[in-house]
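Asker: Make a model of the complete structure from these sequences and hints.
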Amino acid sequence: MSDPAYLPRLRAGRMAATMVALLVPGMLLFGASPASADHLEKRFKVEARPVVTIHNPDGLISVKAWTKRQVQVQADHDSSNIEVDAVQTGNRIDILTRQLSDTVAPGDWRADYEIRVPEDAELQIHNDTGGVRVNDVLGDMNVETIEASVNLEDTAGYLTIKTIGGSFECVRCAGRLEVSSISGSFRFTDLHSYQVTARTWKGDIFFNGEFLPNGTYNLKNHSGLIEVRFSPGDSFDLRATSLKGRVQNEAKLMQPPNHAFFVPRVGESSFGTFNAGQAKVELTSFDGTISILKRE
Amino acid sequence: MDSVGCKELLGHLDALLEGEGRSAADGHLRDCPSCRSLVEDLQAIRKAARGLATLDAEPPARVWASLRVRLEEEGLIGQGRRGWLADVRGWLGAMPWRLSRPALAGASLVALLALGFALSRPFETRLNGSRWTRSTQRSTMLLNAQLNAPEVRTDSVLATFNPVVAASYQRNLALVDNYIQLCEKSVREDPENELARDYLYDAYQQKANLLTQMSEPGDYGR
Chain A
1 MSDPAYLPRL RAGRMAATMV ALLVPGMLLF GASPASADHL EKRFKVEARP
51 VVTIHNPDGL ISVKAWTKRQ VQVQADHDSS NIEVDAVQTG NRIDILTRQL
101 SDTVAPGDWR ADYEIRVPED AELQIHNDTG GVRVNDVLGD MNVETIEASV
151 NLEDTAGYLT IKTIGGSFEC VRCAGRLEVS SISGSFRFTD LHSYQVTART
201 WKGDIFFNGE FLPNGTYNLK NHSGLIEVRF SPGDSFDLRA TSLKGRVQNE
251 AKLMQPPNHA FFVPRVGESS FGTFNAGQAK VELTSFDGTI SILKRE
Chain P
297 MDSVGCKELL GHLDALLEGE GRSAADGHLR DCPSCRSLVE DLQAIRKAAR
347 GLATLDAEPP ARVWASLRVR LEEEGLIGQG RRGWLADVRG WLGAMPWRLS
397 RPALAGASLV ALLALGFALS RPFETRLNGS RWTRSTQRST MLLNAQLNAP
447 EVRTDSVLAT FNPVVAASYQ RNLALVDNYI QLCEKSVRED PENELARDYL
497 YDAYQQKANL LTQMSEPGDY GR
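Chain order of the listed sequences is A and P.
Quick note on my numbering: the first sequence kicks off at 1 and runs consecutively.
Quick note on my numbering: the second sequence kicks off at 297 and runs consecutively.
Source of the hints: derived by calculation from the structure; they are not laboratory data.
Chain P is faced by these chain A residues, among others (derived, beta-carbon under 8 Å):
#: 1; residue: G165
#: 2; residue: H222
#: 3; residue: L243
So the derived label-pair ranges between C-beta atoms look like this:
#: 4; chain 1: A; residue 1: P106; chain 2: P; residue 2: S452; range: 10 to 20 Å
#: 5; chain 1: A; residue 1: T89; chain 2: P; residue 2: S452; range: 30 to 40 Å
#: 6; chain 1: A; residue 1: H39; chain 2: P; residue 2: E447; range: 38 to 48 Å
#: 7; chain 1: A; residue 1: P213; chain 2: P; residue 2: C302; range: 28 to 38 Å
#: 8; chain 1: P; residue 1: R332; chain 2: A; residue 2: K244; range: 25 to 35 Å
#: 9; chain 1: A; residue 1: E250; chain 2: P; residue 2: R467; range: 33 to 43 Å
#: 10; chain 1: A; residue 1: L293; chain 2: P; residue 2: N474; range: 21 to 31 Å
#: 11; chain 1: P; residue 1: N440; chain 2: A; residue 2: K252; range: 37 to 47 Å
Cβ coordinates follow ideal geometry from the N, Cα and C atoms, glycine included.
Answerer: So this is what it looks like as structure tokens:
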């Protein structure tokens, strides 16, 4: 039995539809990410503990450690109204996005950076919007953003992070950590820090890390959730207070003797010693919920 | 019979903490482990705070003079409280002195006042609610006045900012202002609530920090 007369037309139509289905998204994808107007690539030889400063108004900044004693900067931007530059002064590398014309449209400020540094590098990063990601860098670090999110992985040193509305996430971080924000949320995962100070006003704080002996962990918000996870083998002194919110505690705490005067007399609170009380954990909220939960 | 009870102990704290020989409360302390624990803790705090005064950072003498005058005006310290005033030195050493830049010179007072209140915590029980209310109102009025100018300045240049940055600033400033109102309400309802006062002054400090951050355009402009 021969094919009906309409079948060749149908096959041709299907083929055309398939081609359109494949080509159009590809063209759209191509159109959405045009080749960058400008690309910068520079390398600098550095000594031990170099300092790398980055000032960028908008875009993604990715910093990764490598084993070379070099700093490599790769930057891309689309607008001809800005330029990216990297210069070396002694053991310091300054990376900067700057404007070339008097007026730069907001969308023209964007520049994306891929930076490689020795693992002992010290970083000073200022990025208003976009994102900051740092991996495997063990030197001290200072990051300031407005709305840019900050993600750190496998970092150490003295880390100070300040955002206005950007979120912060830290995975396997060590050393000393100070984070502050107005409306950003924080997430600490597999942390190995001996001192953590985290303060946000309207944001959640999630802490799932080790409580090191003699470590201090101070988490504070105004509203939102503070969630802390603990294991049966952890050892800490806990003081959790929510002035107008709730405190949920799954840790069985022992009450220290003769400290009746230091029991918070306002709001909901939970305080006492878990095991030997080697670390000090202080959780404070104004009207948020504090949850101290067993690690699963 | 022991004439000093737990309630009367507060009246003897000065003598006990200053170590001025025997106190009428000695007998009560022997019999009351709670009060004994309180006095021991206060002595330990006092000793630790004295240690802070040995830190190197040494702000100018005029700062001490103005801070002292201010705290005396607030009634938070008296002539005999120089030791506590000196203890603030260590705390001030850790302050972000960037607040004293020209654009926000007044905001440094915010931090000083907040420190003044933090300093006064050990003596809070000596002050009654109305006194706290009065001193808090005076201080917050001053703080509002100090922060008003930089806020107006920032608003005037907001149009030059990246729209995302400007929106973030406005949203977060409104947030902090709202928290200031909430905290002030809590302090009015319970003037002796130390945590509410902490949050209130933290909120002012946060507002000063926000205005400072927005007044620093970075090397690229904003």
